[in-house]
Amino acid sequence: MTKKYIGKRIKRSEDPRLLTGEALFVDDVEIHGMLHAAFLRSDYAHAYLRSVDVSAAQAREGVVAVFTAETMGDDWQPGPPLVSPPPTVEDVIFHSRTQVPLVKDKVRHVGEPIAIVIAENRYIAEDAVDDIMVDLEPLDAVVDIEKAMQPDSPLVHDDLDSNLAAHIEQEKGDYAAIREGADLIIKRRIVIDRGAAVAMENRGVVAQWDAKSQRLTVWDTTQAPIAIRNGLAARLDLSEHQVRVIAPFIGGAFGPKMMMFYPEEMLIPWVSIKLDRPVKWIEDRYENFYATTQERRQVHDAEMALTLDGRILGVSDVFLHDSGAYDPYGLTLPLNTQCHMMGPYDVANYYSESKVVFTNKTIVTPVRGAGRPQGIFIVERLLDLAAKELGIDPVEIRKRNLIPPDAFPYEHKIIDQAFAPLIFDSGNYKPVLEKAADMIGYDQFVKDEQPRLRAEGRHVGIGIVPFIETTGVGPYEGARVTVEASGKINVATGVGTQGQGHFTSFAQIVADQLGVDVRDVHLVTGDTAEFHWGTGTFASRGSVVAANAINASAKLVREKILALASKVLESPEDELELADGVIRVADIPRISISLGELAMLANPLRGAVEPGTEPGLEATAYFGPQYGAIAFGTHAMIVEVDPQTMMIEIKRYVAVEDCGTVINPLIVDGQIHGGVSLGIGNSYYEKLVFDENGQLLNASLMDYLIPTAAEVPRIEIGHEETRSPLNPLGSKGVGEAGAIPVPALFAQAMENALPEYDLEILEAPLSPNRLFELLREKEREL
Amino acid sequence: MKLEGEYIFDGPREDVWELVRDPDVLATALPGTQSLDQVGENEYEGVMNVRIGPVAGVFSGRIVVSDEVPPETCTLTVEGKGKPGFINGTGYVNLIDQGDGTTLMKYDGEIQIGGRLASVGQRLLDTTSKSMIRQGLETLNKALQARIAVKTGSGEVEYKPPSESEFAAAVAKDMAGEALSSSRTKWIAIAVVIVIVIVALILINIGGG
Amino acid sequence: MKPPPFEYYAPTTVEEALINLSEHGYDAKALAGGQSLIPTMNFRLAQPSVLVDLNNISELFYIRPDENGGLRLGAMTRHSQVERSALVSERAPLIYEAMPKISTPQIRNRGTFGGSIAHADPSAELGAISIALGGRFRLRNQTGERWVQANEFFIGMFTTLLEPDELLVEASFPNMPPRTGWALKEVARRPHDFALVGVAAVVTLDNNNLCQKARIVFLSVGDGPVEALRAAETLTGQTLTPEIIQAAADTAATADIDPGSDIHASAEYRRRLAEVLTRRALDVAFERAKGSN
Amino acid sequence: MRHLFDIGVTVNGTRYERTVEPRLLLSDFLRHDLGLTGTHVSCEHGVCGSCTILFDGQPVRSCLMFAVQANGHEILTVEGLGTPENLHPLQEAFWEAHSVQCGFCTPGILMTLVPFLEENPNPNEDEIRAAISGNLCRCTGYQHIVDGVKLAAQKMSASQ
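Chains as they are written, first to last, in my numbering: chain A, 1 to 782; chain B, 1 to 209; chain C, 1 to 293; chain D, 1 to 160.
Don't take each hint at face value.
What the hints assert, rightly or not - Each computed BS3-like pair below joins lysine-lysine, with the alpha-carbon atoms no more than 27 Å apart:
| no. | chain 1 | residue 1 | chain 2 | residue 2 |
| --- | --- | --- | --- | --- |
| 1 | A | K651 | D | K150 |
| 2 | A | K778 | D | K155 |
| 3 | B | K2 | B | K151 |
| 4 | A | K435 | A | K413 |
| 5 | A | K651 | C | K101 |
| 6 | A | K778 | A | K187 |
| 7 | A | K8 | D | K150 |
| 8 | A | K172 | A | K488 |
| 9 | B | K106 | B | K83 |
| 10 | A | K3 | A | K488 |
| 11 | A | K147 | B | K2 |
| 12 | A | K3 | A | K651 |
| 13 | A | K104 | B | K151 |
| 14 | B | K83 | A | K106 |
| 15 | A | K104 | A | K274 |
| 16 | A | K172 | A | K106 |
| 17 | B | K83 | B | K2 |
| 18 | D | K155 | C | K101 |
| 19 | A | K8 | D | K155 |
| 20 | D | K155 | A | K11 |
As the list claims (entries may be wrong) - Pairwise CB distance ranges (calculated):
| no. | chain 1 | residue 1 | chain 2 | residue 2 | range |
| --- | --- | --- | --- | --- | --- |
| 21 | A | M149 | B | G5 | 29 to 37 Å |
| 22 | B | T73 | C | L210 | 55 to 63 Å |
| 23 | C | P100 | A | E640 | 21 to 29 Å |
| 24 | B | T73 | A | P154 | 45 to 53 Å |
Calculated from the structure, these hints are not laboratory results.
Cβ coordinates follow ideal geometry from the N, Cα and C atoms, glycine included.
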């Protein structure tokens, strides 16, 4: 194929609609006679539900119906988890507990829905929610994950004998053995706290049951329309072909829109069928802080064994992972953390034990980064402390430990989030690290600039952190490519899109395969009526799994085109060329036919065809990688701190990425910018604060601080390209990369900025108040 | 949220006790009260409308006085529910005779606040409770003086419950002078016993400002 | 997050508005810019049964010079008008300098000077600044009007001397004496967030560069604006050496305030910020005072 | 007590007359009563800027106003800025600079910037960042937005 588009900075074809407000988001769906839903949610984190009195709510003018678990009959019951069951690893424990549509007996987190009000509009629905009298008998809340594991802790799930949701150990080599011979052991307790994804668009569901055609249409802000379609069909006892789930334009997702099933995702369609009316529920921002999943709380007891010259002999870590009230998303997060705790380093001995813990808090599922930032934070913090102990430059100690280029494919003898072996497919790490150091002027800064600034009494520090990202995991995606009589190409795939530019990057692949103008390739994503099979947009897999499925089907179409054209043009296939929407004989250009004409010929409406002929220039293909592709990158930062006010300014930020083949650099850069911005939030601004009763103390954008244009610096980006051998495009994912190294990088740079305090930052995120406390402790010591 | 501290009253322990346990005070103590019933010897239930600045809301509360050891200690258990959230609290009050005619009050409360109040109004909780407790105690001490004066024959004064604005001002501002006017004595008298309650009730209603 | 129902009045004169207010007493709230009230209603924390919208009362929108060199601001003057006013920058530069620190550009296009004052949020800049500048507020009800000094107006969390039947109609600021310097220093987690601590300082020097009068007023360290009287006292009659200024900053942070803790800042951290910001504010104010005449 | 009010509002040059309950938020009025769904709603407490519109030419949060307050006023929403076939120079620049990812915050940012660029035809990076610091974006990290504004400034000054 020609490489006319792949690798080019192509403007996004979806943008004009987004820029003019014409793009359809779920809350833009208006249907005649549509009703509106609002939820009564628990103010308590943990309580028995004694009674709910909805009579006043039902009596309110404009209220159509009110449902509670009682009035739902058997349908209140929890659904099955829609993600794969845990792996068959030795001794793995997993207690599956999935959320319920409405609370029947016991509330397990603040914000858990107790009743749903359906009214003529949302205002009345909210008035009616205030009319409901609910009697909750409070119980002691399980909040702290360490206390939760003590024998006397109250239980989130009464039928279990502890709050342990899952337990998984993974081992490589023999850490205990090498520990004996190690020159240096760095052992620390490290804590990463909880944050929210805060997509600018909250979640929402619109459902329309058509009794005449017995079909259900659902508009849902989901990253996985096909999984939702299948799940709904199962829950509502419908055929998958009776249910159409549409994920239109989505206002950002970042993981939590993946989580399957949200109570509202099941309830709104259920109500629509019950009442035979279209129903809309749009999550408001306050609900979003309780009802949409969150991530990152982990407590690690980690250690690293090294030699005197700074070589890592092994890493060992035992950690608790906060799962929240349920665990519908299985083991993805702890497995991701386990897979990143060796970073990009050649680590021969590794032991990791993970305990997943139920708490009376909002459910935990992946948020951009998904367990990876925690793993990277652990290994990088330990390595920084080791470098200090050993008097080795932070960049140097990293160079000494990077996996060498000739070691790929490099097998860690553990499993990844897809339960596949963790194998680093390809990589050339050192040049990326060196490029980052070079771009930020590491040596010059450390030698000249920093001493000068310190002499002026300024506190400016530098950090540099390499990291890996497991991307492009299976199982599979599929796509159908069709040449239409107009000569334009239609592409359908099952993944949803939430701003990643799929409409454009996927079109670039097809345009190159079929030699057409990228603007003539029309892509449909996220509509189960258009494509039946698929899993979803997650784990930075779009540009790997979906892109390669699209590439594969475009290839098949190309073959069909050439086969038919060679008959029509009476010339051998190898003499034909595809370009500008025309198939022509290479050296006799006047012998040619346009794609459109050929498409017509491929779909004869009269006459006879050879037996076995398939109509149309169309093909469907699937792609499932053997295992995930491992992307690599290195970020560097220069930050200034005012130790009197604790205010910081990021002076420079450099990101060098190797995500294999880059389909559209413009889009890749955008992905990195966004990831880093979240990472900055996770480093110094964004923390969900819960009190000892499980009450969230910052459930608004006034108090939960996501970075603005004033906090996010200009990000200088560099690229290296090491193709993945696991897929024909050679691509690796990049969607989450930006967010992964930032907290580790920030901690390193902050320590470097405040040498006189000799800080050890063993937590993320930090905050001005927390930094003040840390500095105070040091001041008292001095 | 913890509330604890000490305060020295310029009066004998019996008088302080009498003041803080005067039951008929409760009925008219809190402004905006829509109903307040004594449902047991030491148990009260009521519905009130509390207001601070723009923020106002209807609140139903239950107060139980227990473990009474006159004139030394008692424990207060509070349950309150309102649209903006809930508050459950326990307060322990201990009066210690200093032997010099003054009384040391030690109070120690644990309040659980939930709902929009805790999650949206967090910024304001600590500051408000702080100033309210300080002012509650100071005004109570002044009330105590007034009571002692009344006892010593200054005669009875007919009771006039405070307006909501007076109440808002009272909790928000040190009431020095006015506190002595015995027209307010009774409702101020309750202040410290239910200071935890009031703090909570007010807090419930200032979230989000 | 939809507001509860209410009755709505849109008077076009102050008289009408005062009638609406007195009719409904505590059930009514005056709606100025609404940039604090409406979010509170959207969270259903405020549920006024009557709103009296002041946005159609043209007589309340003005920025006027005052015959004795001072400044008068109609209560409904939008922050963005103040922010762009040459008159304000000339006669009350402290206010002018503070405007960009007040929330976001969009909020400033709607929020009003009087509304912010009357709302009495302890984290609001304008309350503290009004006290620092010795400002006064004109309150009107149906029977007449009264003037209240800014430092007497605020009595607690969201609580002022305004009675339910009263409207704050004007804020007035005296002419700044010669050799007067000013500064507003604050620390906020993000530029538009409520300041963790803020301090407004106004310093007037005599001809020998001795401090004639100093006013230091904090925001976000109490249930309203907090004036650091003890610290100011230590400055009067003094030459403002770094030592004197540091001492005043320490006094302000320890003796003048009793800050609370929240999830963003502990009381201890707030005291530290109060000390640092007071020093920085006094440095700037002092320099400006020396520079001006 | 539930009075209704007749209001007349000019939005994107078209006069609309509707009857509204006083509590109806302006954002909901535009989106659901007038069907102008380009104005997006994200926080409804005045922090995120997604619902920013021009009210008598000034950017304001439409979630912090009641529809009834718009009676007799002029509003411009993103629908009035340009069409896919005929984009406003700012929209053109945003397209070229890849200032859009999910696009949810975009209309609010555009409406914030239109008057800003009129007041500041040649803004520097800090001014641009200050101008949009009342608009939250979770996708772009703001950099391509800043680039888009610079590009727009060039385009617009060139076209004059």
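Against the structure, the hints come out as follows:
1. K651(A) to K150(D): 21 Å, holds
2. K778(A) to K155(D): 54 Å, violated
3. K2(B) to K151(B): 36 Å, violated
4. K435(A) to K413(A): 30 Å, violated
5. K651(A) to K101(C): 22 Å, holds
6. K778(A) to K187(A): Within the cut-off at roughly 20 Å; holds.
7. K8(A) to K150(D): Judged against 27 Å, a Cα distance of about 22 Å means the pair holds.
8. K172(A) to K488(A): 52 Å, violated
9. K106(B) to K83(B): 32 Å, violated
10. K3(A) to K488(A): Holds. K3(A) to K488(A) sits at ~19 Å (cutoff 27 Å).
11. K147(A) to K2(B): 20 Å, holds
12. K3(A) to K651(A): 38 Å, violated
13. K104(A) to K151(B): Violated, at roughly 58 Å.
14. K83(B) to K106(A): 21 Å, holds
15. K104(A) to K274(A): 19 Å, holds
16. K172(A) to K106(A): With Cα atoms ~42 Å apart, K172(A) and K106(A) exceed 27 Å; violated.
17. K83(B) to K2(B): 23 Å, holds
18. K155(D) to K101(C): With Cα atoms ~31 Å apart, K155(D) and K101(C) exceed 27 Å; violated.
19. K8(A) to K155(D): 23 Å, holds
20. K155(D) to K11(A): Since the Cα atoms of K155(D) and K11(A) sit roughly 17 Å apart, the hinted pair holds (cutoff 27 Å).
21. M149(A) to G5(B): 29 to 37 Å: Once the Cβ atoms are compared, 35 Å apart, the range 29 to 37 Å for G5(B) and M149(A) holds.
22. T73(B) to L210(C): 55 to 63 Å: 57 Å, holds
23. P100(C) to E640(A): 21 to 29 Å: 22 Å, holds
24. T73(B) to P154(A): 45 to 53 Å: 29 Å, violated
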